[in-house]
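**Student:** Okay, here's what each chain looks like letter by letter:
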Amino acid sequence: MKKNAITDALCGRIDTADILPAYMPNVKPSDEVKAATTYFEVTFAASRTQRAGYNAASVRQEIGILQCVVVVPDGGGVVDAEGFADNIETLFTASPILKLSITGGEIIIGTVDIKTGFNADGEYRVPVHIPYIANQT
Amino acid sequence: MTRFTFANLGDWAQKEKRIRDAIVAQATNDMIVGASRTATGVSRGGVVKQGFVPRMDGTLAASLVSTLHGSTAITQGEGDFSMVVGSMRAGDRAVFAWTAPYAKAKNWGYKGQQGWHWVEEAANNWPVTFNAAAARARAITG
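Chains A and B, in that order, give the protein sequences. Using the working numbering, read the first sequence as starting at 28 and increasing by one per residue. Using the working numbering, read the second sequence as starting at 3 and increasing by one per residue.
Isolated chain B (complex conformation):
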């Protein structure tokens, strides 16, 4: 068991900071993994599955762009967000965006076509995702 004294305050604070950073990175990773799940698009015989990215030829799924601190896109591609997630620290601001021209229409819906809402589903589940990552960190670090 770690015993806290003023002598090891610095080490203790650093350890806490590293744990916080790890939770943020893990939770962000899990959220984007969840948001990136694909399902067969309607034009290929699928049905609208709320919370999934529709896949027709893969262009939409592959248009995911990740940035950190408002930088220009540092990663692009389906499932390619590890550089951003791996560089994240608690308090950082990252942006994940699907940039295909029809991404908004697919996510929010358009004439006669229900939205797939994968962005809203992921955002709405963020507290659950974050708590799960925190619980895992707690279990690992004791």
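The following block holds chain A by itself, in its conformation from the complex:
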């Protein structure tokens, strides 16, 4: 299970859903993304890796939080922003639990957490946190 596969699966899910233009971690934004005033900003808020045992061959696990911030222009109300946040929640929710298969592992998505929005620098931003556990299989 490679780090790159985890990043691809999580960020790729937002990218291919094509809901809004999105800034991705360390990706040079396209002209479309740069021109957008309503967009997603995707980053990893935290991550750590652990093994089930001390042996280097033991099962590896990555536990982290993907952050997708919904950004809309300042002063336009919260309905649009929270609607897009709901879309992200739906994208990462399944019954009973969302599992994403990756090469050499599986990502289990936890309960998506939509934070209270805030104004900053002429924008209104609603962070959405997607907790995940990637297990080596």
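Hints may be right or wrong, so weigh each one.
As the list claims (entries may be wrong) - Under 7 Å between C-beta atoms, here's a sample of chain B residues computed to sit facing chain A:
| hint | residue |
| --- | --- |
| 1 | Lys-106 |
| 2 | Lys-113 |
| 3 | Asn-126 |
Just so you know, the hints here were simulated from the structure itself, not pulled from any lab data. All of these numbers come straight from a predicted model, not from anything done at the bench. We put the CB at the ideal spot given by N, CA and C, even for glycine.
On the provided structure of chain A, position chain B as indicated by the hints.
**Tutor:** This is chain B only, laid out in the frame that chain A set:
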């Protein structure tokens, strides 16, 4: 070696409860100490260090508020959470919050500025912090 019998069940249970309380208080203390680490803010020439509180003039770091059981803030200030941590028992609900107006923007990021994510880093590391406190308690109590 302590020998368990029904005669000392009460003492044994009390001892276990005190150990649990001590682990919760120690782990909470360690988590907030970790989350409160500061680094020079970008406006003072620093770079974004994920997991640290940015320090420009100290206002953000000093805006840490601690409450227990939903009380009004009982402590406020950088590194000032000992009253809450010291009063905590296993099962208690405490809240630690950075209340500066721009705390959310600094933690989660804003236009052109990456988030510092000190809250998420601390929360994500909670199981590690808790296990470390439990291991210390185990080592001390035998």
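**Student:** Under 7 Å is the threshold here; is the Cβ of B:Asn-126 close enough to any Cβ of chain A for the hint to stand?
**Tutor:** Hint on B:Asn-126: holds, closest Cβ of chain A at ~4 Å, below 7 Å.
**Student:** Hint validation: B:Lys-113 versus chain A, beta carbon distance must be below 7 Å. Holds or violated?
**Tutor:** 4 Å, holds
**Student:** Hint B:Lys-106 vs chain A: min CB-CB distance below 7 Å?
**Tutor:** 5 Å, holds
Comparing the model with each earlier hint shows no violations; every hint is respected.
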